[in-house]
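Given chain D, work out where chains W, B and L should sit, using these hints.
This is what each chain is made of:
Number of protein chains: 4
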Amino acid sequence: MALLVEKTSSGREYKVKDMSQADFGRLEIELAEVEMPGLVSCCTEFGPSQPLKGARITGSLHMTIQTAVLIETLTALGAEVRWCSCNIFSTQDHAAAAIARDSAAVFAWKGETLQEYWWCTERALDWGPGGGPDLIVDDGGDATLLIHEGVKAEEIFAKTGQVPDPSSTDNPEFQIVLSIIKDGLQVDPKKYHKMKERLVGVSEETTTGVKRLYQMQETGALLFPAINVNDSVTKSKFDNLYGCRHSLPDGLMRATDVMIAGKVAVICGYGDVGKGCAAAMKTAGARVIVTEIDPICALQALMEGLQVLTLEDVVSEADIFCTTTGNKDIIMVDHMRKMKNNAIVCNIGHFDNEIDMQGLETFPGVKRITIKPQTDRWVFPDTKSGIIVLAEGRLMNLGCATGHPSFVMSCSFTNQHLDEKVAALHLGKLGARLTKLTKDQSDYVSIPIEGPYKPGHYRPFELVWVLVEECEILVF
Amino acid sequence: MALLVEKTSSGREYKVKDMSQADFGRLEIELAEVEMPGLVSCCTEFGPSQPLKGARITGSLHMTIQTAVLIETLTALGAEVRWCSCNIFSTQDHAAAAIARDSAAVFAWKGETLQEYWWCTERALDWGPGGGPDLIVDDGGDATLLIHEGVKAEEIFAKTGQVPDPSSTDNPEFQIVLSIIKDGLQVDPKKYHKMKERLVGVSEETTTGVKRLYQMQETGALLFPAINVNDSVTKSKFDNLYGCRHSLPDGLMRATDVMIAGKVAVICGYGDVGKGCAAAMKTAGARVIVTEIDPICALQALMEGLQVLTLEDVVSEADIFCTTTGNKDIIMVDHMRKMKNNAIVCNIGHFDNEIDMQGLETFPGVKRITIKPQTDRWVFPDTKSGIIVLAEGRLMNLGCATGHPSFVMSCSFTNQHLDEKVAALHLGKLGARLTKLTKDQSDYVSIPIEGPYKPGHYRPFELVWVLVEECEILVF
Amino acid sequence: MALLVEKTSSGREYKVKDMSQADFGRLEIELAEVEMPGLVSCCTEFGPSQPLKGARITGSLHMTIQTAVLIETLTALGAEVRWCSCNIFSTQDHAAAAIARDSAAVFAWKGETLQEYWWCTERALDWGPGGGPDLIVDDGGDATLLIHEGVKAEEIFAKTGQVPDPSSTDNPEFQIVLSIIKDGLQVDPKKYHKMKERLVGVSEETTTGVKRLYQMQETGALLFPAINVNDSVTKSKFDNLYGCRHSLPDGLMRATDVMIAGKVAVICGYGDVGKGCAAAMKTAGARVIVTEIDPICALQALMEGLQVLTLEDVVSEADIFCTTTGNKDIIMVDHMRKMKNNAIVCNIGHFDNEIDMQGLETFPGVKRITIKPQTDRWVFPDTKSGIIVLAEGRLMNLGCATGHPSFVMSCSFTNQHLDEKVAALHLGKLGARLTKLTKDQSDYVSIPIEGPYKPGHYRPFELVWVLVEECEILVF
Amino acid sequence: MALLVEKTSSGREYKVKDMSQADFGRLEIELAEVEMPGLVSCCTEFGPSQPLKGARITGSLHMTIQTAVLIETLTALGAEVRWCSCNIFSTQDHAAAAIARDSAAVFAWKGETLQEYWWCTERALDWGPGGGPDLIVDDGGDATLLIHEGVKAEEIFAKTGQVPDPSSTDNPEFQIVLSIIKDGLQVDPKKYHKMKERLVGVSEETTTGVKRLYQMQETGALLFPAINVNDSVTKSKFDNLYGCRHSLPDGLMRATDVMIAGKVAVICGYGDVGKGCAAAMKTAGARVIVTEIDPICALQALMEGLQVLTLEDVVSEADIFCTTTGNKDIIMVDHMRKMKNNAIVCNIGHFDNEIDMQGLETFPGVKRITIKPQTDRWVFPDTKSGIIVLAEGRLMNLGCATGHPSFVMSCSFTNQHLDEKVAALHLGKLGARLTKLTKDQSDYVSIPIEGPYKPGHYRPFELVWVLVEECEILVF
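Residue numbers (full-length UniProt numbering), protein chains in the order written: chain D, 1 to 476; chain W, 1 to 476; chain B, 1 to 476; chain L, 1 to 476.
Looking at chain D on its own, in the form it has when it is part of the complex (with noise of 0.2 Å):
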């Protein structure tokens, strides 16, 4: 695919797979807008007033028809948006073409390479010559990452004249990271400077982003205001848990059409995530093993019936794999030596590095059959047992399924409300009545009777919040 931007006929950017499902993308946005009454019931509160009226922003994730409803609750707020996945697998081709066609500057196709992720990704965070985004919404935290980098870059070269050497580094995708900055160097050498200095702050979704931005912020390298959207409960508790429950079968289905019942299922981490995922393979008639370095989520697995084990213990005997740890290394190519034929090996955590994927395809002798895109049967040369590697190791309900449901993700996408908000605008659509609080009672419990019902350190990022809001005061 010629990395190309092209032009809609109002002139706003793009590069999409086939804008000829843009209709398509159209009928499953408006589907969707059904689902998502958090979204929908902010552009009717907030639309009138316009809150961000001139900001411009980025986003860089998964580019779903969730997304897309998420982008145009933006737009009908106010805001200039350009967008880009944040995975290579994730886009979802016809939603991609709708806003590109009717809303928003969008840079995104399934099945991308990585050349290709981070051409898009620059393009989303591209502004022009007067600076970057205002805001920007990101997951995993690719953008953020590539505007530190950018940042450094600069500052180096400002000081020693040197560009970035992208030979400098064995990770493969890091030295596209450091090839596009070495280009926008060549054109303006404070490119990522001037997109720091506009920049009001990142709003955060994944626990790994997260994780990310508090290690910068521990080093004081953090160099803008985030907002960790990914603990919120209505995101992480919601989103991590129910999304997963219901996207690891979806995807699972859609690659494999496996029989889950009688099968033994290794989940490996029990956050949120491996809740989630071990409790949809359990009602699914699994046989379900969890693999865990947390006593406390350990005892919580064992509390639900589920065994714990390492994945040595089981590696030869169960059918299904599944990483949802955060963590890197989980399933190292030697483990998948050993397992049956035709286990199946996904990852629904972070990163394809949950899963040693490198280790597998550079194998000795390995062969890898393509059952069809995003489903791979690799066989070993000894043992001629092959295993199903599900999306290439990346996350497998967006690259083999379509992610978490509509209703779900209007959960995490609202979240820059407050959170028990969040909540309230999605009991309507599933018919639900809250009780209310008496006075009498309020005083008793010492709960307001409005709410917020849950103690302060249920809500860690509402301070964030606030100061947001101040910024968004200053800049809009």
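Note that identical chains are pooled: a pair holds if it fits in a single copy or bridges any two copies.
Cross-link-like lysine to aspartate or glutamate pairs, in silico, EDC-like; alpha carbons within 20 Å at most: (1) Lys372 <-> Asp93; (2) Lys454 <-> Asp231; (3) Lys328 <-> Glu450; (4) Lys436 <-> Asp329; (5) Lys436 <-> Glu312; (6) Lys436 <-> Asp334; (7) Lys454 <-> Glu218.
Simulated from the structure, these hints should not be mistaken for laboratory data.
Coordinates of chains W, B and L only, in the frame set by chain D:
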């Protein structure tokens, strides 16, 4: 699609969508074999003795990957095979291509018209001048129906010279059946009689077909022996129950991406299929309401914590409606008009007449918006509210997903064996170890050490099987 | 306890533990009536016509609160009743007291010796010189057994003058049976013949008793008609399944207070009782392992995510063992010796011979520590490790708790009616609303609008019932 | 029961129901120890160093078998202990007897009057002239309350000479508290000041007590340090959740023998306790309806397939009502009047004021029928319809059953340790094997190999614990 038979280089007839998908089909067939230990062990155990040597078998059964493994099991045992699907949407085109290229005469593609459907059925039954098949593998009874109607018409023709008149019926599908028979009559007025003469018997896979057979048997209209495969435990209590538990959510997800958690799902009917569907919806986090006519099934639903109401009670508050009754006129257009916007309506029971598709299609002013194949939004003119109908009211798991998974179909398809043996063949794959009765225990409970373990009334079909075994001896 | 019959002021015979508990029993009977709509509606519907007027009924069935409601239903329909329990631990003394005081002749208390048990059985059968009961309600077949053995002994005595010799058998319980018959012979050498003559038939409640009856029928030894109540759907699929799902954890909790979550529970047998037990343990958070001889049941367990292994595989790692097989010699003393300290061993299947109690009791050096009645810790001399045996190996739900709850027993006990009617009588209590077939639908599926909805092979016992209805006409 | 302190032969004070139950209590304590690996390993690890040597500990916490193991852990670590229960129905008399005989001063029995209850509390706090305990283990905060009220009264007395006037309050329980303080004042006007002086701090076990403490802390009224044990994960997410999941059905079954399957259960509140209760009812086959004030919890309930309505919506159709809110006035007498006959009303939340017991008791013409202790049927005069109230509105799992099982209480009670260590101590018992981070993984996710694995805001109580550890160093 022009209805012309094509031929492979070896001269075998076929008609499929796209022969270039044969390689893809072959890869998925190989995956499925690993999941179908029952069929594979039939090949191992009986392949050498070629018990079906020389037998002609016609199948009218969803032309999926799993069926492909069945077909190749039959050919491995010595049979010649001709095949069509028993549902216009259920063919997997890559499966059909692989079988057409490698193993048997296939006439099937996804998205047949009714005209095409019956043409395929007739092709699969037509083995040339020497009569029809020795055995039929039927699912729903359409192949059986065609022969019975053909014989009936030939008898009338022989007596009166009258050919069938398609305009004598209002039912558009039956008009097609009559046309085909009429055309056949003009070529060979004994065509269906010859089929009847040659035929040893039919094995019927599903509840609906079995009901038809019992009705014919009662009125004396049944022309040849029939094996009720459906009521073997490893079929009805596995395929219907665990298969649908797997494939209902699969179909819903692929067709609509809707979040099931939090929704209200109405399951019409609580037989084996309904039990599987209700379990799937409940464990996915839906609130399930059951409709039933049978008080025993109703009480079973209640014991599982499900609410039992009438469709009228809940039609305006539920999100998902699924029919599983094996009866007709379950969800009528007047029900659909009262549903919530974007309520999902689907059928996993038997024919599309569980849902009043005709009433919907002919409703004045109704507008059909096809989101994607097998997913339509129907908008009523007065309310502007739409409902989403899957697979045009036909079996949604086959129309919108890929039907039951291989493992459970292996149980169903291996049922020319004794029931308990079928189960036994599948235990090893799941790592189970059976306990063995001691002699003393065996005497105590009057159950042979090697089984059968179930009382006789659990195994109604075996006598028929014995009959057919004798037939085999006679024929092959 | 001296075995002397007592009499109420009105002259009715009884022998119970403590008549002062009658008021408490009456209160619980009144509570139970609200939960037993089937029995209550029998009284309402049939009370006025007094169909059992003048009938003598003997019951040998757990003398619980639920049975008390059954007894008073029988008396409300006109019968005279004498009752004993069918298990030495299953009597609820307050229920026995209330019935003895108010309604029927009761001979039962919790914690009978075997000697006492058979004395009670004989008392319940003895209606005086005119012969025995018209009908027997049997559970496990002990009343039926006593008559058969009595008749056999009387025949031998008539021919040879020989009386039964208790020392002719090693089985201590059967020695008691022979003694009782011997004593009876000396009073009236035609006592059991007279019983046989008068008896219209027996209705048998449970799997074990039904098996005995079928065995007797096959050998021609069965002396009178028998109704298989057990195999009506609203009995075996309700009482066995849902009843045990309720009462297994109830018994475990009352006996041991042990936390079920996190434990490994082995369920021996996966029939209806085993399915209920496994479901209870799984949903309580245990990891469940099933042992089975029948491959179909084994495959069902696997489809629910349960592991299927042999007892030997898991004996040293599990925490809870429960037998549900209806067979003997399931858990032997050699198994028990290998168990973890404080492993719990119990039986909910049939007789105490599912567990090798004799092997345990006679194991050299074993020490029994009674924690409380029906909860014993048995310590092996070599390991100093102990296991906890519930209810001395007898039915733990009746021994350690109060048996099945009223609602499910109402289904079981109402089964002199047709099966579907039994279910229908219980729906209102749970707020259910049945759907009604239209005439057109009824024709389409060939099922009468008013039922029966199940095919004939679902209703094996009905013919027998018709027979008995005729008998009733003759007798009463 | 005359309120006279008794003494053991060794001179230790006690007041229990029946000392002859001490042997039975000892047997059950020994069983419980096997289930409480956390406490047992505390003895093993810390017993030799006697860290509590010389410390006086007063406990006000349900005097159950599990608490007995806690008490003996404290004494094994060197402490002297005085104990009372924190609930009038929660004492297990055999546990109290065993502890009184063997280990500590106990003042507790099942079925105390409120007068007796506060007498016991005062006895447990009274260590003689030298002041009170060094540490309090409180559950619900009654011991803490008594000291605070005592100090307040002593201050007023010191300033004004006024003693507390019981008639100054309408609350009958608080009248008793004031009486006791008044009596104390007349003996030693500095009694509670001395207690306050000596006291190092209180550890509080439960949500209600913790709320009271935070309220006191906010107003500056808190007189001594307090450890929030409740909010450690291995307490609130285990005891509240898994404990109640176990003990709600246990209590229901023992109190009423009612079949849960098929019933409609209303759970008021969906916090940790409510989640456990709802899960228990759902898995037992009930249909569960939740009432909530907090939209986040409401949305969680919906995601599990539960209906969220107000109590008013469902009051007349449900069968079981259970309060879990930690708030008051949840089920009022006007609700109870509208309930179905024999609806069950119970509380597992905190105090009996979740249910309007006062409104019920004083309702004109209401009739109380005690079925058995802790199970009352209340009949309203107009409708003649009755409801069944468990444990007089107090914690039904302790009143009607034996409270949480040992294993989960071991988690709760071991929480003077760090949270993750508590979990780790319990894994071995359940056969789990933890995975260990590699150095490389540890760096990647910035989590130490040995933990803690949770972020800081998961462990709020640890700082307090550090504080108390220092105090210990000072004191002992």
